[in-house]
Amino acid sequence: MDNQRKDRRIKWLILLIPTLTIGLWEYVRHAFLLPYFSMDLGNLLAPFIVLAVTLTLVRSLFSRLEQSQQALQREKGANAALEERERLARELHDGISQSLFLLAVKLDQLDEMKTDGPVRDLAAGLRETVRVIHEDVRQAIANLRLPPSPAAAAWVVPLRELLGETAEITEAQAEFIWSIPDKSLTDKEKVELHACLREALINVRKHAKASKVFVIGETDGSGGFRCAVEDDGSGFGSDPMHAPGRFGLRMVRDRANGMGWTFHAERREDRTVVELLKRGGQPV
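Residues 1 to 284 in this note's numbering are what the sequence shown spells out, letter by letter.
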C-alpha cells in the first residue's frame, strides 16, 4: 500500500511539474524580467525551460517510478512462488502423505496376522520403505512451507542443513561451497535450484554409499552459474535416466530443461556429478 501511494505521488508530480514550470516562468518573466526580455524571446525560451526541467526532474521521477514498478513485480513474483509452494505442500499432505500413513497402518495389520516368515519379512521391508518415503514427503512439505528470505542466501540454509543430515546418516565428510550472489538469482531460479539440489542430495543419501559429499554453487563470471552435487560413492552403475524405479534424477532433468539449463548426471574420474549449468545472458 505504501508503494502504491508513493507511485501515485510520483505520477501526479510528473503531470504537474511541466504545468507548474510554465506558470512559474510566466510569473517570473512578467514580474521581474519583462524589462529585459521581449515577449517573443520569452515565448521562445519557454519550451526550452520546460524541456530542461523534463530532462532533469521529470526524467528522475520516471526512473524512480520504473524502479518502484520493478520492485512491485518482484514482490508479486515472490508471492506467487510462495502460494505455489503452499499449494504443493497441501497436495503432498492431503494426498501422498495421507495415503502413505494408511498404507503403513495396513502393513501393521498384516504384520499382526498369523503369517509365515517370508510374508512377515516382506511386510517389514515394505514398512521400512514406506517409512523412508513418508519421511521424505514430510521433509518436502516442511521445505516447501519454509518462506524464502531476501536476506543473503537465506534460501540456501535448508540445503546446507540437508547436506549435514546426509553426512551424519552416511557418516561421510561434507563440504558446502557456495559463492553465487543471492541477488543474481530470481525467485523462480531459487525455487527450482532448491528442488533440484535437494533431490540430488537425497539420491546420494539413499544410493551412493559415499565417504565425501560436496554441494557446489559458483558463477561463471558472465551472469551464469554452475550448481552441482558431487560424491565419491558407488556411482550410477547404468544410465540413471533409464534405471527402473529411479525417478528423482529424471525430475531434476525435467526441471532443468524447463528452466533452459543444461543438466548432466555422470561419472567423472573419482566422483559422481549431478550438475546444472546456466549460461551467461540466458533468459529465465
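Hints in this document: simulated from the structure, not taken from any laboratory.
Even for Gly, the Cβ is constructed at its ideal location relative to N, Cα and C.
Be careful, since some hints might not be right.
Simulated crosslink set (DSS-like; lysine-lysine; CA at most 30 Å straight-line) [to be verified]:
#1 K212 to K106
#2 K11 to K183
#3 K6 to K76
#4 K106 to K11
#5 K183 to K209
#6 K6 to K212
Label-pair ranges, simulated between beta-carbon atoms [stated by the list, open to error]:
#7 V157 to P118: 18 to 26 Å
#8 V157 to D7: 30 to 38 Å
#9 R5 to K106: 26 to 34 Å
So, going through the hints one by one against the coordinates:
1. Taking the CA atoms of K212 and K106, the gap is near 38 Å; set against the 30 Å cutoff, the hint is violated.
2. A hinted pair counts as satisfied when its Cα atoms are at most 30 Å apart, and K11 with K183 qualifies at roughly 28 Å.
3. Under the criterion of a C-alpha separation no larger than 30 Å, the hint pairing K6 with K76 is consistent with the structure, at around 17 Å.
4. The suggested pairing of K106 with K11 is violated, with an alpha-carbon distance near 65 Å, which exceeds 30 Å.
5. With a C-alpha separation of about 35 Å, the suggested pairing of K183 with K209 is violated against the 30 Å cut-off.
6. This hinted pair does not check out: K6 and K212 have alpha carbons roughly 53 Å apart, beyond 30 Å.
7. Range check, V157 to P118: about 45 Å between beta-carbon atoms, so the 18 to 26 Å window is missed.
8. In this structure the hint that V157 and D7 lie 30 to 38 Å apart at CB holds, the actual value being about 34 Å.
9. Between R5 and K106 the Cβ separation comes to about 58 Å, which falls outside the hinted range of 26 to 34 Å.
In this structure, the hints that do not hold are numbers 1, 4, 5, 6, 7, 9, in rising order.
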